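Chemist: One-letter residues, chain by chain:
There are 2 protein chains.
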Amino acid sequence: MRPRIALPRFDYAYVLTLCLLLLTGGCATVQTDPLPAWNGGKAKQTVVGFVAKVTTQGSPDYVPVPERIATFDNDGTLWAEQPMYSQLLFALDRVKTLAPKHPEWKNQEPFASLLKGDVKGALAGGEKAIVEIVMATHTGMTEEEFEVIVRDWIATAKHPRFGQLYTSMVYQPMLELLAYLRANGFKTFIVSGGSIEFMRPWTEKVYGIPPEQVVGSSIKTKFELRDGKPVLMRLPELSFIDDGAGKPIGINGHIGRRPIFAFGNSDGDLQMLQWTAAGGGARFMGVVHHTDAVREWAYDRQSSVGKLDKALDEAEAKGWTVVDMKRDWNLIFPFEAK
Amino acid sequence: MRPRIALPRFDYAYVLTLCLLLLTGGCATVQTDPLPAWNGGKAKQTVVGFVAKVTTQGSPDYVPVPERIATFDNDGTLWAEQPMYSQLLFALDRVKTLAPKHPEWKNQEPFASLLKGDVKGALAGGEKAIVEIVMATHTGMTEEEFEVIVRDWIATAKHPRFGQLYTSMVYQPMLELLAYLRANGFKTFIVSGGSIEFMRPWTEKVYGIPPEQVVGSSIKTKFELRDGKPVLMRLPELSFIDDGAGKPIGINGHIGRRPIFAFGNSDGDLQMLQWTAAGGGARFMGVVHHTDAVREWAYDRQSSVGKLDKALDEAEAKGWTVVDMKRDWNLIFPFEAK
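The listed protein sequences derive, respectively, from chains A and B. According to my numbering, the residues represented by the first sequence are 1 to 338, in order. According to my numbering, the residues represented by the second sequence are 339 to 676, in order.
Wrong hints could be hidden among the right ones.
Some chain A residues judged to face chain B by a derived CB distance under 7 Å, without partners named [as the list claims (entries may be wrong)]:
(1) Thr142
(2) Glu143
(3) Arg200
(4) Lys229
No lab work stands behind these hints: they were computed from the structure. Please read these numbers as outputs of a predicted model, since none were measured by experiment. All residues carry an ideal CB built from backbone N, CA and C; glycine is no exception.
Generate the whole structure from the sequences, applying the supplied hints.
Modeler: As structure tokens, this is what we get:
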């Protein structure tokens with residue numbers, strides 16, 4: 001702080017004015033575009049219009065700050081999910097790392113195919129194969145040990161197409177949207193089908209979303225004393241699948257309030273969007289439509305990852321906001337700007 | 339605000355100083371006791387000393403704001419739990435209300451005893467009887483319907499001994515402590531064995547703790563479309579018991595960070611306190627010891643409600659802070675002050 005006693009009188013008035021502006025929030029009247037990576041079409045207008053009406057005191061749509069709950073799917077909504085969910089790529093890497101300790105995997109599917117490099121063959125076993133891979137790689141250690149494993153992987157593993165860290169494969173327009181909502185008093189949550197403990201180690205740094213605002217799928221854990229020190233052991237047993245109809249259940253269980261704003265990108269988000277839409281007052285429901293095969297990927301109704309079919313129909317029928325990635329976003333990944 | 343233009347020079351400096359104090363948080367140097375209902379003994383000193391050291395920049399014990407997680411048990415820690423948990427009294431009231439629709443209850447325990455006014459007989463069936471009563475009264479409706487039932491009860495039901503609303507049976511020193519922690523950048527959570535949906539309708543108003551910061555026991559719910567409108571139906575199936583070893587599991591599942599501050603009052607809080615104690619850096623573990631039979635109740639090792647035995651031994655052995663209600667609190671319930 002500059003020594004106050006040496007300031008001439010006009011400086012007092014100037015600093016005082018600055019102080020008052022800061023105190024009264026008057027600085028907010030200096031407007032800059034909070035969503036520069038969004039082109040100025042209908043999607044952006046709808047977002048900005050919604051935020052304006054729910055935050056304007058005296059507006060019939062005004063929503064008090066504590067009720068400004070916004071939920072976001074993660075895979076395909078906040079970060080890329082192609083060619084495969086990042087968590088599955090993590091699990092595949094873990095299988096390779098753990099293989100020396102599991103000689104039996106050489107003759108046991110889905111591990112045998114995986115270790116031969118035949119990912120497609122391994123995943124031919126469908127959900128059962130995926131659950132087996134996840135259980136073999138995500139359980140049997142303490143929560144703290146698993147967190148270290150996730151942190152190490154996420155800090156080093158690179159995306160097969162872009163050669164970027166997975167935490168760089170996030171959508172710049174969504175980072176802006178998260179920050180914009182928070183600047184307007186919203187509490188932002190992730191509601192993802194991914195494992196809660198796969199996301200929490202990095203969501204605060206990458207999205208500004210703290211661990212306690214991450215809702216996801218989970219396994220069971222067990223409290224134990226190990227040499228007098230309490231630990232939570234990760235058990236190979238599913239506890240909750242936070243996908244599809246599980247999303248409103250997860251929202252109810254973790255948040256206990258209905259969102260007024262929700263964003264997804266696939267049929268797994270349909271019930272979250274329906275749940276959000278069914279509340280009283282102003283609502284925003286958004287769907288990211290992957291339409292840009294050049295800068296990202298183009299996929300929807302036929303995709304095995306992030307299938308968007310029923311939710312696209314319902315979004316169109318109900319007038320929800322569908323973001324056309326190619327048309328609506330002038331920047332997709334932050335690294336493109338460099 | 340007084341018109342600035344008319345102010346003589348010294349007033350500018352005064353207002354400026356005030357502004358700067360507000361901006362820099364310097365007003366905190368104007369000290370008033372944040373915990374007036376706490377007598378100035380060791381318990382209060384330990385709380386204040388802990389908060390000072392974890393919030394002082396440059397202190398070796400400094401904890402960044404996002405990591406300042408404080409968890410509180412509810413029954414017996416934030417509000418009274420005698421002569422019986424409030425939620426159980428709520429369930430008993432519900433049995434009476436619902437009895438006309440359940441003629442079979444006249445010949446079916448634990449309902450038959452209850453309806454004859456024999457609460458002790460009804461609860462003689464132990465945990466099984468309690469679960470039956472809870473399931474019969476807490477499930478079979480939507481989440482929204484249950485919320486209305488809780489709101490109605492909590493707004494009207496009176497405590498049998500004090501004749502006060504249950505939301506008035508809260509501990510003034512703990513209300514002060516919650517506010518004090520929040521003023522120092524802590525995020526305050528409830529971690530209770532009680533049902534999450536029994537607490538959420540009123541914790542924000544009573545404790546300043548929003549629904550998303552309430553962790554508790556839960557039942558399963560099912561997402562359904564009813565005439566096209568999504569609802570969450572409450573199923574008669576336990577999902578999670580947030581008590582004892584369940585508390586660290588609940589904390590991990592909901593919060594995803596280890597608390598640095600935890601307060602409980604019974605053996606059901608022991609593992610939460612152990613879990614908190616086992617983290618690195620400065621920690622605060624507190625236990626409310628009910629020692630005041632005149633103003634509240636005196637009970638510990640032999641009590642069927644809020645038994646405090648092992649946790650009292652461990653608190654004493656480990657040097658955790660044990661609040662002696664009679665000695666340490668000069669006011670227990672807010673209504674005493676009137």
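Chemist: Confirm or reject each hint.
Modeler: Evaluation of the provided hints:
1. Below 7 Å, beta-carbon pairs count as interface contacts, and Thr142 of chain A has none with chain B, the closest being about 10 Å; its hint is therefore violated.
2. A distance limit of 7 Å between C-beta atoms decides the matter here; for Glu143 of chain A the minimum to chain B is near 6 Å, and the interface restraint holds.
3. Hint status for Arg200 of chain A relative to chain B: holds, with the closest Cβ pair at about 5 Å, below 7 Å.
4. Taken as an interface hint, Lys229 of chain A checks out: its beta carbon lies about 6 Å from the nearest beta carbon of chain B, inside 7 Å.
When the structure is compared with the earlier hints, a violation turns up for hint 1 alone.
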